[in-house]
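Going down the list, the sequences are from chains G and W.
Residue 163 is where the first sequence starts when you use our numbering, and the numbers rise one by one after that.
Residue 6 is where the second sequence starts when you use our numbering, and the numbers rise one by one after that.
Heads up, a few of these hints could be off.
[Unchecked claim] Per the computed footprint, the stretches of chain G lying under chain W, defined by three or more beta-carbons under 8 Å from a beta-carbon of chain W, are: (1) 196-207; (2) 349-360; (3) 380-392; (4) 442-448.
[As the list claims (entries may be wrong)] Below, in silico cross-link-like pairs of lysine-lysine (BS3-like), each with a Cα-Cα straight-line distance of 30 Å or less: (5) G:Lys524 to W:Lys171; (6) G:Lys519 to W:Lys171; (7) W:Lys126 to G:Lys359; (8) G:Lys451 to G:Lys342; (9) G:Lys451 to W:Lys135; (10) G:Lys293 to G:Lys250; (11) W:Lys171 to G:Lys437; (12) W:Lys126 to G:Lys451; (13) G:Lys524 to G:Lys224; (14) G:Lys359 to W:Lys171; (15) G:Lys524 to W:Lys135; (16) G:Lys437 to G:Lys319; (17) G:Lys519 to G:Lys529; (18) G:Lys456 to G:Lys319; (19) G:Lys456 to W:Lys126.
[Unchecked claim] Here are the in silico distance ranges between beta carbons for each label pair: (20) G:Val528 to W:Arg88: 54 to 62 Å; (21) G:Lys359 to W:Leu158: 52 to 60 Å; (22) G:Thr322 to W:Leu118: 51 to 59 Å; (23) G:Lys359 to W:Asn115: 34 to 42 Å.
By construction, these hints were calculated from the structure, which means they are not laboratory data.
Since this is a predicted model, take the numbers as computed values, not measurements.
Idealized CB from N, CA, C, for every residue including glycine.
Read off the chains here:
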Amino acid sequence: MRKLFVVVLCVGLLLSGVASAQETIRIGANLEMTGAVAAYGQMIWEGINLIREIVGDTVLGKKVELVLVDNKSDKVEAANATTRLIDKENVVAIIGPAISGSMLAAGPICEEKQIPIISATATNPLVTQGKKFVFRACFLDPYQAAAAAQFAREDLKAETAAILSDIAQDYCVALGNFFKEEFEKRGGKVIVEQHCKTGDQDFSAQLTTIINANPDLLYVPNYYTEIALICRQARDLGYEGIILSADGADAPELFSVGGDAVEGLYHTAIWDATKGLNDIGQKYIDRYKEKFGKDPNMFGALGADAYLILINAIERAGSTDPVRIREAIEDTENLDVVTGKVTIENGDALKPVVVRKVEGGKFVFVKTVTVE
Amino acid sequence: MSWVTFFQQLMNGISVGSLYALLAIGYTLVYGILGLINFAHSDVFMLGTYFAFFMMVIFLLPWWLSVLIGVALCAVVGMSIERVAYRPLRNAPRISALITAVGVSFFIENLGLVTVGARPKGFPRPDLMKNVYVLLGARIQGVTFWVPVISILILFVLFYIVYRTKIGIAMRAVSRDMETTRLMGVDVDRIILYTFALGSALAGIGGVLWACKYPQINPLMGVFPGWKAFTAAVVGGIGNVVGAMLGGFIIGLAEILIVAFFPGLTGYRDAFVFTILIVFLLVRPGGLMGEAVREKV
């Protein structure tokens, strides 16, 4: 009996040894390594490799081999790279381009050939819309605005709100609209909505109208320059309520232009690089600082997330069949990744939104919000 | 709308209008003498803020000295533009000079983008400018009191130069008839150089005051204020200094009050300003004071 056991064990070891030696799991990386947005692709690649150093590079007992193809920040190249990864390199899944335009070019090919693809940072809603094999590791603007509205109602206890959004930016308009929808759904009221335009420097008329309506909270989902000037002028005009903004606020210029007027400003962010939300997040931050000697960036963190989501899905699928991997990705629920706990729904990532506040000329972590 | 709110909006309008007025004077001065719309004016305005900014941040000079040097450098830049870009075209058709002016404007903007970058910088302001005062319930920034005072001072200085000095007599002569003036032995090129120095120094002052109100400077910051000040100059009657000031206040008040009375139309704020320009060009091309006052500076 014991002899038999040893034999079985030996055979098992032998087989697994043979398997791992001969068979690796190939995952494609279709990234912007050169061209206009090379910085994004390189940061994502950096993040993927860093997380492999932390969690190891094997799944299902097999070694994961990454096949990197540079898409040169170009849509056509991104499509070609996708075809090459699938037909020639025989990958079972792909980590896709950083930007929406290239992801929109790569998506339909993966859809047709039934190979799952996941982008770290492509935010255009069309990227995943109506597609089964296309995913992303970041959340979308509606989700961020909903989180902001929930934070405004539940934590800041705001009853009334005003919105001052930039009509020249789709991003700002979308955030403003989704914030209003969610804020009113939660029993609050948006009492005044005003607009400005990128490059505007004077907001006094809009702000006077807003102050006259006396809202508890002012939502300014714009970019940092406008946010800084709006805060400045709002405070000069005597506004004392809360100001809440979105991830567009995250730039050093917010402080150099806004000065003491941005003190107390809240904003929603994708990630806070100073504080890990979980064990793996903290490990990533520590490892990154140790290796590169600076604070980690959002792109790398989301790249690491994309990799973790894929590896976890392959593990749960228990197979390298792309169709089964796809199903497993779609079933991802509360998976611990670098930027928090992620759940995948209709191809998009749902994860906690970070809220930060300006204190003493820098952003300070307040809490995370998960939309309920 | 309550009275306090209305008064606040009125003050907002006067505040932004007085800045347009100051800029419009510069446009109108050069036009009155040369018949040229100096589109580079708004870019000299931008350069003024950067010169002052770098004096403060790099050379750590006091605020007032940085501003003085900035304004002086603007005058030098204005003269250089005249010498390099406009003088060779003195006898060319007007349209050539106009297109060159647009070219110079783009050149300066893009030079700025390449050298200092597009990311905005915060402009340091003295307390005198940034403190907020409460007047009849309206909150007004210090700079809002200073701009009209400075504008009127400038107006007096301009009138003095134009009507009481030899250079002023020559300027008026050039504006009437350049060729005859030249025949009278006046160095016309030098007079034009002085005119540009004066106009560009005004742009520099305008830029610094603008940055005191909106403490964010970037290479394209002059574009929209420039267009609006130009509109103000046309509405007031281009070539007329008092008209330019009046036009500035009208444009400033118009764009604030449309938002105040029709909050739903905030997106059309700029469109409204340029509609005023079109209406004036159609109905009264000479502007408000273009016909009433014949005498041009």
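| field | Indices of hints not satisfied (ascending) | value | 1, 4, 5, 6, 8, 9, 11, 13, 14, 18, 21, 22 and 23
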